[in-house]
Every structure is written in structure tokens, then in C-alpha cells.
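Asks: Chains R and A supply the protein sequences, listed in that same order. Count the first sequence with my numbering and you get residues 1 to 222, in order. Count the second sequence with my numbering and you get residues 223 to 518, in order.
It is worth saying that the hints were derived from the structure and are not from the lab. Incorrect hints may appear among the rest.
Claimed, not checked - Straight-line alpha carbon distances no greater than 27 Å define the calculated DSS-like cross-link-like pairs of lysine-lysine that follow: (1) A:K275 x A:K515; (2) R:K153 x R:K116; (3) A:K265 x A:K275; (4) A:K515 x R:K46; (5) R:K79 x A:K427; (6) A:K447 x A:K427; (7) R:K219 x A:K515; (8) R:K79 x A:K334.
To be verified - Stretch by stretch, here's where chain A covers chain R in the computed footprint (C-beta under 8 Å, at least three residues): (9) 142 to 150; (10) 198 to 211.
Glycine residues also receive a C-beta, built at the ideal position from the N, C-alpha and C atoms.
Residues per chain are reported as follows:
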Amino acid sequence: MEQNSLFDIISPIMVGPSSSHTAGAVRLGLLARNIYGATPKKITFKLYNSYAKTGRGHGTDKGLLAGVLDLQVDDIRIKNVFNLPEAHEIEHNFEFLEDFNRHPNAVDFIFDGAHKMTISGNSLGAGSVQITNINHFSINLSGEYNTLILIYKDKPGILSKVSGLIQNEGINIAALTVERSARGEEASMCMGLDSALNYSLIEKIKKIDDIYLIRHVGKLES
Amino acid sequence: MRKYVTTFAELLAICGQKRQKIYEFAQEKETLLLDISIDEVRKKVKKSLDAMKDAIKAGLQSKEKSISRQCGDDCEKLQKKFEIGHALFGRLFEKITTYALATIEENLRMGKIVACPTAGSCAIVPSVLIAISEELSLSETEQINALITAGEIGSIIQNKVALAGAVGGCQAECGVASAMSAGALVQILGGSEKQIVNAVALALKNVLGLTCDPVAGLVEIPCVKRNAFLAIHSVTAAELALAGVESKIPADEVVDALSQTSQLMSPLLKESSQAGLAKTKTALKIEQKITNKNKQ
Numbered sequence: 001m002e003q004n005s006l007f008d009i010i011s012p013i014m015v016g017p018s019s020s021h022t023a024g025a026v027r028l029g030l031l032a033r034n035i036y037g038a039t040p041k042k043i044t045f046k047l048y049n050s051y052a053k054t055g056r057g058h059g060t061d062k063g064l065l066a067g068v069l070d071l072q073v074d075d076i077r078i079k080n081v082f083n084l085p086e087a088h089e090i091e092h093n094f095e096f097l098e099d100f101n102r103h104p105n106a107v108d109f110i111f112d113g114a115h116k117m118t119i120s121g122n123s124l125g126a127g128s129v130q131i132t133n134i135n136h137f138s139i140n141l142s143g144e145y146n147t148l149i150l151i152y153k154d155k156p157g158i159l160s161k162v163s164g165l166i167q168n169e170g171i172n173i174a175a176l177t178v179e180r181s182a183r184g185e186e187a188s189m190c191m192g193l194d195s196a197l198n199y200s201l202i203e204k205i206k207k208i209d210d211i212y213l214i215r216h217v218g219k220l221e222s
Numbered sequence: 223m224r225k226y227v228t229t230f231a232e233l234l235a236i237c238g239q240k241r242q243k244i245y246e247f248a249q250e251k252e253t254l255l256l257d258i259s260i261d262e263v264r265k266k267v268k269k270s271l272d273a274m275k276d277a278i279k280a281g282l283q284s285k286e287k288s289i290s291r292q293c294g295d296d297c298e299k300l301q302k303k304f305e306i307g308h309a310l311f312g313r314l315f316e317k318i319t320t321y322a323l324a325t326i327e328e329n330l331r332m333g334k335i336v337a338c339p340t341a342g343s344c345a346i347v348p349s350v351l352i353a354i355s356e357e358l359s360l361s362e363t364e365q366i367n368a369l370i371t372a373g374e375i376g377s378i379i380q381n382k383v384a385l386a387g388a389v390g391g392c393q394a395e396c397g398v399a400s401a402m403s404a405g406a407l408v409q410i411l412g413g414s415e416k417q418i419v420n421a422v423a424l425a426l427k428n429v430l431g432l433t434c435d436p437v438a439g440l441v442e443i444p445c446v447k448r449n450a451f452l453a454i455h456s457v458t459a460a461e462l463a464l465a466g467v468e469s470k471i472p473a474d475e476v477v478d479a480l481s482q483t484s485q486l487m488s489p490l491l492k493e494s495s496q497a498g499l500a501k502t503k504t505a506l507k508i509e510q511k512i513t514n515k516n517k518q
């Protein structure tokens, strides 16, 4: 059993009105931004189910865009995010959809710019979030830890090479999820770390063969 | 391996053994959990406390409506009423209710608040804690002690119940907030650890079954007013506990009952806006109005 922290209860300090529909939206936006790894030219947000139905009234649309623009959950500019100069530099659209195969608070971020990428996530309640997909690869990213995300060819040895490099730096692995589409096809890995990776280590990991995508996503501020 | 304290019985036992107050135990636990000093834990708590005070201040000065335009000016009405004639229950009652409305209205107009434990229940603990702190001129140290006590109470309850309306109904949000507030109030007024836990049991027992049926799915109707009601509810629990009135059902068993009630509560009544207040004739009219406005 994981021990609860006081600060799960008496925080976050956030812009209202809803931890799942406002703060959760900002956090999903922040994670998506960090995974995309660049400023997009264009972004389409697809909001599903409860996010679609009550999103406007809860400022979910504002929250999602604010996160993509790197505003934190307690930034009072979220309320007027559509008027920020940064917001005018990115072409943004919202679609409000219903799909009962999706989580009640699901969202897709469809990025376009230097490269294209679709990132999907869910807001789980009380401000907890989960990024579930990058371009249809399943991942499991909560933002609770500094996380190394890898998408790579499923073959023996990659995991041990990566974890070996990380152990050499004395960094502790706190959480690990691995998934693959099929044997020998693409696999994805999310490695939660107790401290952030430095640039040179990330460069070393990049050099391992058959790694298609690598991202280091910083822990979300609590 | 260190054994975790997950129930109120264990909490009372360990506080008794170590001769500690609940807040002392909780801040010590937090130093291990986050690997920071007690001083740093208390600084983080102070940050939340200060943000709560800022939210009250901002809320008292605004009557800006929410995005849906359904709520936002009730705090102003209450303040005006108390300017003309004092509340039946006196100044503290006036402060608690106006501070509660100030905070929750600040939340719905996208102002900055502290989720405590959630955004929809963000006004209960601060309104009681800050109103009484002002009335009794409490030191910041005492205020932080009380807020840590509130946090530890929520944290124990969270072991068995998810603090989210979609999972547990409003009993798990505003209900739990009122239990946290009741315990914090007993701490402030010098009650024993046993009385703090008793206040939790009394507050929680009297919110069992409270559903989450918000109109148009928004954190507005009935959430705004409910925060003021449950703030006052927590004062009743604290007064009874301080008088030595005991909950015949111990706090842990009340939490078990809360958990069971959560599971038995229809999903229609858990933040899905498919029943209860959300499906009344007037609620449907309001919902239609908001939908039309969104289309514009």
C-alpha cells in the first residue's frame, strides 16, 4: 500500500473550478507539451464524454490550452488564456465528442508543426491524470515521477541496456511499465525515476539501436 | 519495513504511545515520506494556508459570475445582510458562512483556491479555520497545526474511500471536508486527540448518503451553498465532541459505512448528473440555457 501524503489532501493550490476538469486538464496539457517536445504550429483538442459535455463550463478547454502553453495549475492567466499572445501564435481548435469506449474525461491532443503527433490522456479525478497513448502506442504516464519514455523495437536486451545506463548514474527506478503491440514489433516503456536524467545520459540512451522515440518528461509540480 | 498508520484507531494508539498530538505525528510522517525537514513540511502547509486566505480576500471583493452565469453573487448578498443586521448565531457564524461562499465562488469564477480535499469542497476547511483564527487571534503556528490535523484526517479516510464525487458521491468530498474541519476545530479549541477523532465520526455520520448531483454537471448548484452548510455542520460536530459526547459508532467504522454507502450509491447520483437535483424540471431548463449559450 502506498502511503498517502498530507499534500494529497490540502493541495494543490489551483485555479478552479474542478480538480478533474480544470487542474487535471492543465496537467494533461503540460505532459502532452513535454512529450511533443516543441512548440506546435497547430493543435486540435478532442474532448470526450464528460469533458465534452461540461468542459466549457469548467474551463477544461482553457486548461488544456494553458497546459500546452506551459502555464501551471495555479496560474491565474488560465482564465483568460485565449487572450494571451502565446495562444495567438498556435492555431487551436476544439472538438466535443461522445465515445463510450473512452474514459469519461478523455482527451486527444493532435499536434502539427515540425512533426505530427497524437497524444491521448484521461483525467482520473482529484487532479490525477494519465497519458495513455502516443501515436497509438500505449503508455502509462502520470507525471508523478520524472519519467523516461521509450518506444523501441521489441527485442531482448534493450531494457537492461537502458536500466544499466541509469543505474550507473546512481539513479533509482521508482516505477516501470512495459507494453508491446506484438512480439518483435514496437514496444513502449515508461520508467519513473527518483531524480531527473541529465542531457548526456539521454544522448547515450538515444544511441542504443532500435529506439524510435525517446522523451524525458519532468515530474509535474504538486 | 515500517508499518503505516491507516486507521483512526492506529492513529490514536501511536499518538498515545509517543505522547504526540495528531499534527506532530503527521508532520513527522511527512518528513519521511517526502524526505524533507519538519520546517519544510510546515512551510508547504503555510503556502496552502496563505493561498486559502488570499482566496477568501479575493472572494469577499467580487461578485463576478461564473462562466455559466448561474452563480457568483451570493457572498455579496450575505455580506450585505450582515451589515444591516447581525446573524442569529453571532459574528463567528457570519464569518464562517461568508468566508465559505467567498472561497467557493472564487473557485467557480476560475480564481485561485486550494483543493481541500477537492476543488468542489474547497471552502469548508478554510472558512472555519480562518474565521476562528481571526476571532481568537490564533498564531500562525496554531493555524498550521490545525491545517495539518485536517490533512491527516483526510489522509486516513482516503485509505478506504476515494475522495471524488464520481466514486463516492458528495459525502466523500464535502462530507469528508466537514470531518476534516471538525477535527481541526477541536485541535484549535484544545480538545484531546480522542475528541478530534470523535468529531470526525460525528461529522461523517451525519453526511452519509449525500449524493453528487450537480446541475448541468458543473461545480455550482448545489455545491456553492453546500460548502457553507457543511462548514456550519462541522462546528456542531466539534462542539459535541468537546462536550465529551461520543459517537457510539467509532470513526473507523463510520468510514467503513461511508465506503459501503459509496459502493451502493447509484452511479446516476455520482457526478454524472443523471438523477436527483440535476434532473429536476428547473435544472433541465438551466442546462438548456447553458447549452444554447455554448453554441453561440
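Asks: Work down the list of hints and note, for each, if the structure agrees.
Replies: Hints, one by one, checked against the model:
1. Taken as a hint, the K275 of chain A and K515 of chain A pair is broken in the structure, with Cα atoms around 34 Å apart against an allowance of 27 Å.
2. For the proposed pair K153 of chain R and K116 of chain R, the alpha carbon gap of about 20 Å is at most 27 Å, so the pair holds.
3. At roughly 15 Å between alpha-carbon atoms, K265 of chain A and K275 of chain A fall within 27 Å of each other, so this suggested pair holds.
4. The suggested pairing of K515 of chain A with K46 of chain R holds, with an alpha-carbon distance near 20 Å, which does not exceed 27 Å.
5. Of the supplied pair hints, the one linking K79 of chain R and K427 of chain A is violated, its CA atoms being roughly 38 Å apart against a limit of 27 Å.
6. Between K447 of chain A and K427 of chain A, the direct Cα distance comes to roughly 20 Å. Compliance with the 27 Å bound is thereby established for this hinted pair.
7. Using a Cα cut-off of 27 Å, the hinted pair K219 of chain R and K515 of chain A is violated, with the two alpha carbons roughly 38 Å apart.
8. For the suggested pair K79 of chain R and K334 of chain A, the alpha carbons sit about 10 Å apart, so the restraint of at most 27 Å is met.
9. For the stretch 142 to 150 of chain R, the assignment as covered by chain A is violated, since 0 residues bring a beta-carbon within under 8 Å of that chain's beta-carbons and 3 are needed.
10. With a cut-off of 8 Å between beta carbons, the stretch 198 to 211 of chain R has 0 residues touching chain A; three or more are needed, and the interface restraint is violated.
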